[in-house]
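Participant: Start from the sequences, fold in the hints, and give me the full structure.
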Amino acid sequence: MNVDLAHLKDIRKSFNGVEVLHGVDLTLAPGEVLALLGENGAGKSTLVKILAGDIPPTSGSITIADTELARLDVYQARQLGVRMIFQELNDAPTLSVAENIFLGQWPGSKGFVAWGDMREKAREILKRLEVDIDVDAQAGSLRVGERQILEIARALTQNAKILVLDEPTAALSNAEVERLFIVMDQLKKEGVGMIYITHRLDEVSRVADRVQVLRDGNSVLTVDAKGAQREVLVTAMLGHEALKNARPAPVSTSGTGLEIKNFRSGDDFNDVSMTINAGEVVCLFGKIGSGSSEVLESIYGLRPVTGGSVHIFGKEFKPKSPQESSSSGIGYLPADRQRLGSFASRSVAENLAVASWKAMSRLGFVDAGNEVKAFSRWSDALKISARRGPTQEIATLSGGNQQKVLLGRWFEAKVQVLLLVEPTRGVDVGARRDIYDIIRRQAKESGMAVLVATSDYEEVVLLADRALVMSRGKIVSEFTGNSVDANSLISAAS
Amino acid sequence: MSKTTEVEKDKKRSIPASAPLMAFFVGLFIYFSVASEYFFDIENFRNIAVALAVTGIVCIPGTLLMIAGQVDLSVGSAAAVSGMIMANMVNKHSIAVGLVVALVFGLTLGIINGFLVTVVGVNSLITTLGGLATLYGIALLIGNGQTVMMRNFEWLGTSQPWGVPLPVLIFTVIAIMGAVSLRKSTYGRSLYAIGSNPNAARVVGIRSNRLLFITFVLSSVGAALAGAVLCSQLSAADPNAARGLELEVITAIVLGGASLAGGRGSMFGTILGLCTIGILNNGLILLDVPTFWQRVAQGLMLIIAVSFDSLRQKLNNQRS
Chain H
1 MNVDLAHLKD IRKSFNGVEV LHGVDLTLAP GEVLALLGEN GAGKSTLVKI LAGDIPPTSG
61 SITIADTELA RLDVYQARQL GVRMIFQELN DAPTLSVAEN IFLGQWPGSK GFVAWGDMRE
121 KAREILKRLE VDIDVDAQAG SLRVGERQIL EIARALTQNA KILVLDEPTA ALSNAEVERL
181 FIVMDQLKKE GVGMIYITHR LDEVSRVADR VQVLRDGNSV LTVDAKGAQR EVLVTAMLGH
241 EALKNARPAP VSTSGTGLEI KNFRSGDDFN DVSMTINAGE VVCLFGKIGS GSSEVLESIY
301 GLRPVTGGSV HIFGKEFKPK SPQESSSSGI GYLPADRQRL GSFASRSVAE NLAVASWKAM
361 SRLGFVDAGN EVKAFSRWSD ALKISARRGP TQEIATLSGG NQQKVLLGRW FEAKVQVLLL
421 VEPTRGVDVG ARRDIYDIIR RQAKESGMAV LVATSDYEEV VLLADRALVM SRGKIVSEFT
481 GNSVDANSLI SAAS
Chain C
1001 MSKTTEVEKD KKRSIPASAP LMAFFVGLFI YFSVASEYFF DIENFRNIAV ALAVTGIVCI
1061 PGTLLMIAGQ VDLSVGSAAA VSGMIMANMV NKHSIAVGLV VALVFGLTLG IINGFLVTVV
1121 GVNSLITTLG GLATLYGIAL LIGNGQTVMM RNFEWLGTSQ PWGVPLPVLI FTVIAIMGAV
1181 SLRKSTYGRS LYAIGSNPNA ARVVGIRSNR LLFITFVLSS VGAALAGAVL CSQLSAADPN
1241 AARGLELEVI TAIVLGGASL AGGRGSMFGT ILGLCTIGIL NNGLILLDVP TFWQRVAQGL
1301 MLIIAVSFDS LRQKLNNQRS
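Going down the list, the sequences are from chains H and C. 292 is the number that the numbering used here gives to position 292 of the first sequence; each next residue is one higher, with no gaps. Count along the second sequence starting at 1, add 1000, and that's the number in the numbering used here.
These are computed hints drawn from the structure, not numbers from a lab. Keep in mind it's a predicted model, so treat the numbers as computed, not measured. Any given hint might turn out to be false.
Facing chain H, from chain C, some residues (calculated, C-beta under 10 Å) [unchecked claim]:
{"hint": "1", "residue": "P1020"}
{"hint": "2", "residue": "A1023"}
{"hint": "3", "residue": "K1184"}
{"hint": "4", "residue": "S1185"}
{"hint": "5", "residue": "G1195"}
{"hint": "6", "residue": "N1197"}
{"hint": "7", "residue": "N1199"}
{"hint": "8", "residue": "A1201"}
{"hint": "9", "residue": "G1205"}
{"hint": "10", "residue": "R1207"}
{"hint": "11", "residue": "G1244"}
{"hint": "12", "residue": "S1259"}
{"hint": "13", "residue": "G1262"}
{"hint": "14", "residue": "R1264"}
{"hint": "15", "residue": "S1266"}
Backbone N, C-alpha and C define an ideal beta-carbon position, used for all residues, glycine too.
Facilitator: Rendered as structure tokens:
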């Protein structure tokens, strides 16, 4: 036991009287990779934040490098060699690679940076990690995965012994993931202990020595990574309540709405083919980086297409630009509502009507009455609660209500194909149900084909007539009607 | 029923964005009326209107640009170049040739500005700041740094059909066209959308680049027209006559409630802002305040106006 780098024992943590960790143990040996699994809210982040001294535990003991610590703060944790690498980058993109590796602690004296020295040391450390990155390149010009490796390099220059990686691969391509794993293998040889938080089960056997699963603040399973069965891990993560789609499979409708064949875009996805009937809601399920949202972006013309074909109600369509797509009867709801969806300073009526102005106008002039009419038509159907009526600024509405307005935008525009990316991200639970009902009802009534990209399996279960699962840029399986359930989805996507 | 009454009540309760400026304008108006016996006079109001018309012609497309989140600083120098072109053409050829060449110059400049901003992707502030310097130099080059006198071209700046000065008439027509297209046309609504969220405008299928391009052209043509009117008023083209025009234009627009960040603003607000600057300048002259103070007052007003804009944005962010 005394060879352990870190040992957390019986850790409990309460926030405002609510206990979120109910006595969790965790150990980490030198040169070991421990994969930490669990659904959102299982307590993974809280646990590693306690290890990093970010938040104090309510009770329990922390032992790092054979010293038991009554209190651990961030500085002490850093002193003992605990470093966190997050999914989001913490670098200075306009500075060089070498400067980033020594960010804030540039070698030199009397306020002057010793450039030659710094570049030499940076080159050494990158060589140690067996990566080939130019130390004079601008950090911002590198790929995300390379920038993440820079952060690991920075941690190493600061003498890291325990490295916590919080979903580092979420935004990476396959090749970059493999490169990160090679770096991790290298660190293992140097005796660095790593805690690796992930959602991707296939990564566990590749990179980890042991797996620990958290669920609802309890440690429910700790096993050797090599022999760990995927089904066992999934069941441990979910508990036993697996969601099932209660709806019957839809009666097959007449026409084909959207058909894509051998669709591909660079490294993001390839050979994606699917057919969506008129009135059907199909979910494309996959974790971030699986390529699911990228497929929708490409159909809409936001991302270059490098191969394949798209047909809309039998007619060939070549994705070029959002303008082209929206005037060809395609609607697109982006995942990032604030950045790409809503016009914050404009009224709800305008936000709803913006895609239909052409239809509402005569000789280039919009009839404001039509705008208000459109709003009242949809505010009832979508249960939008805008207390101050059609002129209220959209930014003053709740996330759920804003999302309903943006959905109404495309319903009003009478699109034939609706593409939705993470339609309920940041939406409260109550509004979520409304939104699913609305999408399903509207699809059936208007006969439009709906394609939803989502990383939320619950959403798939509650929304989809059919689910396609994507992983690493490819469609890997398909579930229809009652066979759509959380367990099979997650295990197929991982 | 109860729903509609609630909506109406809320409408009444919300204060229009231009209310503070309106109050300031009225206060200033009353103050000057009391302080100077020459202020409240139809002839004086005519003077104010004539003095504002040139700035106003530039303010209308300027407001369209600002609402779309862009700015055109080259208008003052563009007006100067246009005036120099006018004077030379009128002296050597004819008024018609002068007007055509000046407007073609405006069109060309607008196309260049529009191209640099929407195709090359340069920030409009920097592009048009460069334009400001370049064009001022060109204006000096054309006249060799001297004022160019001209003959027989007073009608554009000084004639008074139906008792209304022609420049004021031109401004009024442009203002009405601007206000209507801003409020009612798909073009105007799209400008609001582009200014409010350029990324979302692209995603929703608005042809942002094309519309911005058109608006830059309108701005430069407006500046060229203003330059022609100005030199007709003066019977001479002075390369320095329109210096600082861009500052006055931006002050009026921002004072009128348009947000520098885009997405907000109205023609009514801009015109009110313009009138506020007009009576302030006029009132200070009537009260025998040295003209240097006009510059100070105008600069201060711009600072106050943008401070208001920032505070309003902060407040809005807190609320949402």
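Participant: Decide, hint by hint, whether the structure agrees.
Facilitator: Hint check:
no., hint, in the structure
1, P1020, "violated (18 Å)"
2, A1023, "violated (23 Å)"
3, K1184, "holds (5 Å)"
4, S1185, "holds (5 Å)"
5, G1195, "holds (8 Å)"
6, N1197, "holds (5 Å)"
7, N1199, "holds (5 Å)"
8, A1201, "holds (8 Å)"
9, G1205, "holds (3 Å)"
10, R1207, "holds (6 Å)"
11, G1244, "violated (30 Å)"
12, S1259, "holds (7 Å)"
13, G1262, "holds (8 Å)"
14, R1264, "holds (5 Å)"
15, S1266, "violated (13 Å)"
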